[in-house]
Amino acid sequence: MKQQFRTHLPLILLGALSALIVVSGVELLRPKPPEPGVELADIPFYKLPFGPDDKGQPRPFWPSRIASENGRMADPANIRSASECASCHRREFEEWAPSLHAIADRDVAYERAVKANEALHKDGIEKARFCEGCHAPVEVLSGRTNRFRSVMPSAAAGEGITCVVCHTAVHADPEEGNGALTLALDTSVDQLADWLSLSAPRDHARAYGGAKTNALIASGDFCGACHTEAYDNSMAKAQTRQHVQTTFAEWRDGWYARNGVTCQDCHMAPDPAAYIRQIRAGDLRDPERYAHNFVGSNYLMFDTGLGSNLTFLRGGIPHGLSDAKNTELVARQGEATRALLRSAAGLELRDSSRADGRLRFSVAVQNLGAGHNLPTGVIDQKYMWLEVVVHDASGKEIYHSGAFDAARGETDPNAVIWREDFIDAEGKRIPDHLTFITAAISHARHGVPPKGEDVVAYETPLPAQSVGPFRLTARLWYRVATQEFAYNVLKTDLVIPPFELVAAEFSLPAPNETPR
Amino acid sequence: MTRAVLLSVLFAALLGTGLYMEFLAMRNWNAGEVVLILHIVLGLPFAALFFSWIAGHVARGLPKSRRSGFTWLSWLLLATYLVVIVTGLMMVLPTLLYLGGVVWFWRFETTHVLTFLHLWVALAAGAGLVAHLALRHWQAPAARRTERGS
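Protein chains in written order, with this note's numbering: chain A, 1 to 516; chain B, 1 to 150.
None of these hints come from the bench; they were simulated from the model. Ideal Cβ placement from N, Cα and C applies to all residues, glycine included. Keep in mind that the hints are not guaranteed to be accurate.
[Claimed, not checked] Selected chain A positions facing chain B (in silico; Cβ < 7 Å):
hint	residue
1	Q4
2	V26
3	W195
4	P469
5	T473
The task is simple: from the sequences and hints, build the whole structure.
The following block contains the structure:
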């Protein structure tokens, strides 16, 4: 045997044996961490007013369909805050921090709406788990949505849809909706200190976004778990399932899903409006990266012109950001939001005629850029309407529909409007989002489907002296809340400003048409 | 010789702890954390020791290597060691920077490549080391060569 081999072999074996002894030793001395989470029975005074499920098991998060992976309540002490994630993932944090996801549990409009609904029922706070399951999953899963708050708060609980909500998801049911997500909030947390995670990033990633989670959160199904919402008698007065938010189904049944364009492609593109233009031009490639801004349609929460009112509306400044940085990020996201809104819709004149002293015309409201209906979401508050104004050749206004009274914050009650109405048990419209007394949903007009259009016909008598050609100005407006909501729920006289999605001018009758 | 012996002991210990982390640590990261620290703490002096020793070893050993197969195997072994050490240093770099107050890390896809190379090339290096130590590097006596030839 070669002398070097004789010398080294015992030492190699010694090294391997030492490793084995050390590994066995630490395995024995540092046992596995206990089962994560907290037993339901260990949460003092936790109320379960809605009874057990069909199998007799308690339903601690009902009426929300959210669930924890191991069936236990989450331990708030083990749930990482976004500001902790920010120590390494700063770019992602600064994208997420101004987003609506980050303030989902904090924005004053939401908070006041929840309070107003809670007051409608003796178990209102527990019933609000329905809302909080999507808006504040960490609160719900850790047992803080309870009349008696016996669970300690955590930074993550106030962060709405925070990092760990998506990055520990293991299951989503977009058909069921109402928050039908299963999360492993503190079951997936690895035990490595931050500085060690940097040397073993695969294990950090395996803990937070194993292959299953990564595939899930890249899918439309994941978004659908919350962006599908239906009211039933578990939380409202509805006797049958009333579809309130059908955003997932609108996407699933439309052109975008058929062509592989997902929610994430548009709403997580670094420049969503530019991506929409790319799609509209027929280029279906994925965005170059997925940013965490989740740009949506709520322009009001990014209106820096509101000054300190905006900080109030947004529920303050996220932990981990200065006032100046917050303002900068909110302003930037506001630009992206407004650009996205302007990329969504189009208007076309479809038909016009003059006959029998009357002017008739039709305007097509087109959904050119949204992968779901326009408008979408819970659209009892968010609504869209068409304003049309006709002037004659002398500039005199001869017809006006859909005017907005900027002083009183009221939309023309006769406007052509795309909105759903919450109806109470007596058949009356509920204008201020009192979901817990909603018995039925009706639609003033259904949203315009993806790549679809809704043709609106108008007819008006022509004044005797009016002379053509006539000029039609059409504006498509969008508003994120009704004035009743501002008065009754927000308790403010702030007029909710509308946003002009698109405007167009046409000659009537159209130049290629012969007056009849 | 002392440094070579120490390198062999450290290499075996690093291979053992590395295999544990790849295949077993996820069962219990409480223990995995300690093993990872140990792997880094042993790995850094191993790298320093290797770089201080290898040039002299090559200079001394190359003239003595009389078999081209052994020479090629040795160069290959050196290459695998370099890959293992360099990928290890690249993996620990973000931690060292973090401890120095700088937050920086590789792209996630890069970490996959680094980990893959670090693990599987280390296994190849282990096999190569045994071969390097066991195989004869001198020419066989002429009589035996003739014997085999006939």
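Evaluation of the provided hints:
Proximity of Q4(A) to chain B holds as hinted, the smallest CB-CB distance being about 5 Å (cut-off 7 Å). For V26(A), the shortest C-beta to C-beta distance to chain B is roughly 4 Å, which falls under 7 Å, so the interface hint holds. Contact between W195(A) and chain B, as hinted, is supported at the beta carbon level, the nearest pair being about 5 Å apart and thus within 7 Å. Given hint, P469(A) at the interface with chain B, is violated; its Cβ is 61 Å from that chain's nearest Cβ, farther than 7 Å.
Taking 7 Å as the C-beta cut-off, the interface hint given for T473(A) is violated, the closest approach to chain B being about 51 Å.
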